[in-house]
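Protein sequences, first through last, are from chains Y and Z.
The first sequence begins at 1 in this note's numbering and counts up one residue at a time.
The second sequence begins at 1 in this note's numbering and counts up one residue at a time.
Since the hints were derived computationally from the structure, they do not count as laboratory data.
Don't take each hint at face value.
[To be verified] Below 20 Å or equal to it, Euclidean Cα-Cα: the simulated SDA-like pairs (lysine to any residue) are:
1) 129/Z - 24/Y
2) 129/Z - 144/Z
3) 227/Y - 300/Z
4) 30/Z - 179/Z
Remember, it's a predicted structure, so these values are computed and weren't measured experimentally.
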Amino acid sequence: MKILVCISHVPDTTSKINFTDNDTKFDTNGVQFIINPNDEFGLTRAMWFKEKQGASVDVVTVGLKDTEPTIRKTLAIGADQAIRVDVEPKDGFQVAKEIAKVAKDGNYDLIIAGRESIDYNGGMVPGMVAKLIGANFINTCVGLEVEGDKATAIREIDGGKETLTTTLPLVIGGQKGLVEESDLKIPNMRGIMMARKKPLNVVEPVADGLSTEAKSFSKPAPKGDVKLVDAENIDELINLLHNEAKAI
Amino acid sequence: MSVLVYTESENGKFKKAALEAASYAKGVAKQLETETIAVSFNAENANDLGTYGVDKVFNLTQDDFAKFNAEAFADVISEVAKAHEASVIIVSQSANAKYLAPLLAVNLNAGYASNVVELPSHEEGFTVKRTAFTNKAFNQTLMTTDVKIIGVSSNAYGVHEDATEATVEDYQTEVRPGDNGIEVQSIDKNTNKVSIADAEIVVSGGRGLKGPENWHLIEDLAETLGAATACSKPVSDMGWRPHGEHVGQTGKPVASNLYIAIGISGAIQHLAGINASKVKVVINNDPEAPFFKAADYGIVGDAFEVIPKLTEKLKEFKANNA
Chain Y
1 MKILVCISHV PDTTSKINFT DNDTKFDTNG VQFIINPNDE FGLTRAMWFK
51 EKQGASVDVV TVGLKDTEPT IRKTLAIGAD QAIRVDVEPK DGFQVAKEIA
101 KVAKDGNYDL IIAGRESIDY NGGMVPGMVA KLIGANFINT CVGLEVEGDK
151 ATAIREIDGG KETLTTTLPL VIGGQKGLVE ESDLKIPNMR GIMMARKKPL
201 NVVEPVADGL STEAKSFSKP APKGDVKLVD AENIDELINL LHNEAKAI
Chain Z
1 MSVLVYTESE NGKFKKAALE AASYAKGVAK QLETETIAVS FNAENANDLG
51 TYGVDKVFNL TQDDFAKFNA EAFADVISEV AKAHEASVII VSQSANAKYL
101 APLLAVNLNA GYASNVVELP SHEEGFTVKR TAFTNKAFNQ TLMTTDVKII
151 GVSSNAYGVH EDATEATVED YQTEVRPGDN GIEVQSIDKN TNKVSIADAE
201 IVVSGGRGLK GPENWHLIED LAETLGAATA CSKPVSDMGW RPHGEHVGQT
251 GKPVASNLYI AIGISGAIQH LAGINASKVK VVINNDPEAP FFKAADYGIV
301 GDAFEVIPKL TEKLKEFKAN NA
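Put together the whole structure using the sequences plus the hints.
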C-alpha cells in the first residue's frame, strides 16, 4: 500500500497570534512551527500501516522553504520521502489542486490529511483532493483499518460515531482518535540522522489562480473582567445568568 | 440567479443549524435582491422554511437518501444549484455539512469560506468575515469565483424569522447513493443526549473532578440544564471520558450560548476551542486559574461542594420558571 500524508506547517498551539503589515499578515516573529496536530495523528497511523502492513509512506507539503524543518521532522518520525510543492499556500482550493497533482502522479492508495489545519481552519483540503482525483472520501475520521483494497473507517458525527466501509483509493480527513495522544512519536537521534539522508523533492506548482484570498485579520475585542460570585451565594449566579446574561 | 441553502434534517426535522443557515441565506438574498431556495432530504413540513424567508424548497423524498452520503448529497445540491443558477450556496458547519461542502466546491468550481460569522460585505468585492487560528482571530476573506460557498458558524448569525410563503417541490434525481463507494454499516449515536454541536448549553469538566467516578456530578448538572457534557484534553487523554467529548483546539469547537467549565484551568488551547461561546462560567478552586481571565462569571470554590448545590438550586429555578 502506498500512503501519502499531507502535512501542514502551522504555529504551535500555544502561540500568541499577532498580525503585521497593517493587519494583513500573520506575525511569525517568535512563533514556533509544528506539524499540524490533525496531520500528526494521521502520520502516526500511517507509521502503524508501515510497521504492521509494509506500507510505504510519503509526505507532501505545499509551502515555501521555511516549511522544511517541519517536513524533516516527519521524515525523522519515519516517513520514507517528502515532496514539497514550492508555492505559498494562500487558499484551500489551491492547496488541494497541488496535492491532487502529487497524488495522481504518485498513484497512491491511501491519502491521509488532517480534517483541518489549526491556523486557517479551512477544513476543505482533504475533500477537495478526493473529488479532484476521483477517490472515496471520509471526513472526521477517528478509526481506520485497511485489508487489501477494502477499508473500514469510523467517522465522528454530531453526537456519535458512524462505521463505514469503502474501497481504495481513499482520502481521509483525520483527527485525534486515529491514534491516541500517547502514540505520537518524538523523533529519536537515529531518526533525525536518517532523515537528513532521505529525499526531499521540491516540485513546481501547477494550480493557477485563487478562489479566495485572506485580505486582513483582526482579533476579538478584549474581554471585560470576570464577575466573581461567592461560593456560598449560588442564587446570585443563577440570578446573573437568568437576568443579566439571559443564558438560562 | 438565486441563493441556495442546504437545510439539513434529522429524522425529518430541520436542525437548528439549518434554520440558522436558511436565515443567513435570506440575508444574502436580500443583499443580492434575488430569491432564496433550499435543498432538503426527506424533510417533514419542508414549507416551514418559509418562516425564515425561503421561497422555494426542493425536498427529495427517496428512501435511499435516508442515510447521509456526502458525495450523493453534494451531487444533488450541485444539480439544483446549476438548474437555478445559484451564485451563493450556504451550508451550516455541522459534521455532515463540513463533509459535503468541499465536494460541492469541486463540483461547481466554487470558492469555499468556512466558519463565517457575519453577512458578506460588498464594499471591496465579495468579502466574508470568518474565524481563523481556532477562534484566536478573525479574517476578512475575499471570494472571487462566480459561485461561492459559505459555511456559517453555528450560533453566530442566529435564527431570524422573515416569513414568506414557501413552495415545496418533490425533487427527483438520477443520483444514486449506492453508486459511490461508501456504505454506512452502523451508527452509534446517543439519542437521549444533546450533542455538543447542537447544544445551547455545555457543561464541561476537567482534571479538577479527580476521576471518572465523579462524572455523575457533571452529568446531573447537564441534565438539569438540558446541556451537553464535554471535557478538557487531559481528561480525554487519560481515558476518563470519550474523545468525542474533548473540546479545544484539537478537539471539538464549542459555540454554545452558555459554557460552564468546572475544574478546568483554562490552557490557551482549551480557551481557543470554546471562545465562540457567548457566556462563560468558570468554577475552580484556584483563583489564579487562567480561565478566570476568559470567563464572564466565576466562582472560586471546591467543585465537589459547588456542583451539587448549583444543580439543586437550578432544579428549584427550573421548577419555578417552568
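query: Taking 20 Å as the top limit, are the C-alpha atoms of residue 227/Y and residue 300/Z close enough?
result: holds (11 Å)
field: Pair hint residue 129/Z and residue 144/Z, alpha-carbon separation not exceeding 20 Å
entry: Holds, because 15 Å separates the two Cα atoms, which is no more than 20 Å.
field: Pair hint outcome, residue 30/Z versus residue 179/Z [Cα-Cα no greater than 20 Å]
entry: violated (38 Å)
query: Within 20 Å, alpha carbon to alpha carbon, are residue 129/Z and residue 24/Y?
result: holds (14 Å)
The structure is inconsistent with hint 4 alone, although it conforms to all the rest.
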